[in-house]
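Chain by chain, the residues:
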Amino acid sequence: MIFRDNQSIYLQIAERICDEILENKFPPGERIPSIREYAALVEVNANTVVRSYEWLQQQDIIFNKRGIGYYVSPEGKHRIKALRRERFFSDELPLFFNRLYTLGISVEEIETHYAQYLDEHKNNKTEIYPPENLSV
Amino acid sequence: MLKVEEMAFSYRRNEYLLNKLNFDITPGGVYGLLGKNGSGKSTLLYLLTGLMFPHIGTITIDGVSAGKRLPQTLQNIYLLPEEFDLPAVSAERYVKNNASFYPLFNREQFDNFLQIFELPQVKDLSQYSMGQKKKFIVSFALATNTPLLFMDEPTNGMDIPSKSQFRKAIALGMSDERSIVISTHQVRDLESMIDRVLVLHDNTILLNESVLKIAEKMEFVHTTSKDDLQGCIYSTFTPQGFVGVRPNLDGIETSVDLEVLFNSIITNPEVVKSLFI
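Here the protein sequences come in this chain order: E and F.
Just so we're aligned, residue 1382 is where the first sequence starts under the working numbering, counting upward by one.
Just so we're aligned, residue 5 is where the second sequence starts under the working numbering, counting upward by one.
Among the clues, some could well be false.
In silico DSS-like pairs for lysine-lysine, Cα to Cα no more than 30 Å straight-line [unchecked claim]:
| # | chain 1 | residue 1 | chain 2 | residue 2 |
| --- | --- | --- | --- | --- |
| 1 | F | K167 | F | K100 |
| 2 | F | K167 | E | K1406 |
| 3 | F | K40 | F | K167 |
| 4 | E | K1406 | F | K172 |
| 5 | F | K172 | F | K127 |
| 6 | E | K1446 | F | K100 |
| 7 | E | K1458 | F | K100 |
| 8 | F | K72 | F | K127 |
Residues from chain F shown here face chain E by an in silico Cβ test under 7 Å; the list is partial [claimed, not checked]:
| # | residue |
| --- | --- |
| 9 | V34 |
| 10 | R171 |
| 11 | K172 |
| 12 | L253 |
| 13 | E257 |
Read the hints as simulated data drawn from the structure, not as lab findings.
Backbone N, C-alpha and C define an ideal beta-carbon position, used for all residues, glycine too.
Please put together the full structure from these sequences, using the hints given.
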């Protein structure tokens, strides 16, 4: 795994696990690898993965069955999407708006492009979670 | 587990290579022992394992002086020196002759490590290349499960895929009851594995901190603009831009760059040390 410099490694590993959960590599209710197995997989210190798992647990994405291991929460996928939506609105959208503003791009222009994008991707099998299913 | 108090050592009269060393090694960490060439890293490892004796001060393992070399101490420590030789015997014979010194030796783990390193079976260990010998002895060292494991420049002589295998083996060989101390001057190889940093410089241990604490106290800045380096204790130019380190004021954690950390300590030891008081 190649780590970026600007974010702590434990969060990058947690993000990777989130991606794997969304890709159904670890389906809801299934066990994920042990801390040590995952540490060996991404070649980091086990204590780093401990922090990643703690973070995922705090976010209700995974849960711990004492003495058995860590499992993907039934609501895991929804939690990840909800978190990422939250982050999109708080971190990414302001940057995007700043771009629109400085480059003088109108919302209508964006709408046209977005409609085009949806059209091109309508056969894409990616699951779309309607917002009403999300509880933050 | 291991305690060094007011320790000093010299090879020559009145010229201390190591002076006033005070530090502990506690279970459950991968310690990176960082220092320049000739700073005394190997000497320190020999002292910690009782192969040499401090001139002043003490080194104790579970309360017993390391230099006494009692069996109860020796069965709990393993030192993998930078240079070593393997006898011309089979792997089976080697394990038979050596594993009995280590009560926690685990054969299953040993075979697993050999597999991770993709070591072929040989009739006689002397048929292995230098790199393969190193992988064999690393596998053995990890499988001894000694609470203290010391490795002197273990990735020297390893090719690129082996370094990745080595990291996997360390991750699997670690446990909460064990500490691994790895001396290295190639921090990049092991950056993601190290969770405690020991810096040996100017004849003493300048820093003994967890990576967690370092990330809490110091901010590592990667940037393309020199202006972003304000307040840096140390900074340098890299092919990607600039990288620097400064006191962490906003509490946001960045990933610790060991090379930058090391350089900041040796150029500005007092400032860095003051961050951890």
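Each hint tested on the structure:
| no. | hint | result |
| --- | --- | --- |
| 1 | F:K167 <-> F:K100 | holds, 28 Å |
| 2 | F:K167 <-> E:K1406 | holds, 27 Å |
| 3 | F:K40 <-> F:K167 | holds, 21 Å |
| 4 | E:K1406 <-> F:K172 | holds, 21 Å |
| 5 | F:K172 <-> F:K127 | holds, 26 Å |
| 6 | E:K1446 <-> F:K100 | violated, 39 Å |
| 7 | E:K1458 <-> F:K100 | violated, 51 Å |
| 8 | F:K72 <-> F:K127 | violated, 37 Å |
| 9 | V34 | holds, 5 Å |
| 10 | R171 | holds, 4 Å |
| 11 | K172 | holds, 4 Å |
| 12 | L253 | violated, 17 Å |
| 13 | E257 | holds, 4 Å |
In the structure shown, a violation is registered for the earlier hints numbered 6, 7, 8 and 12, in ascending order.
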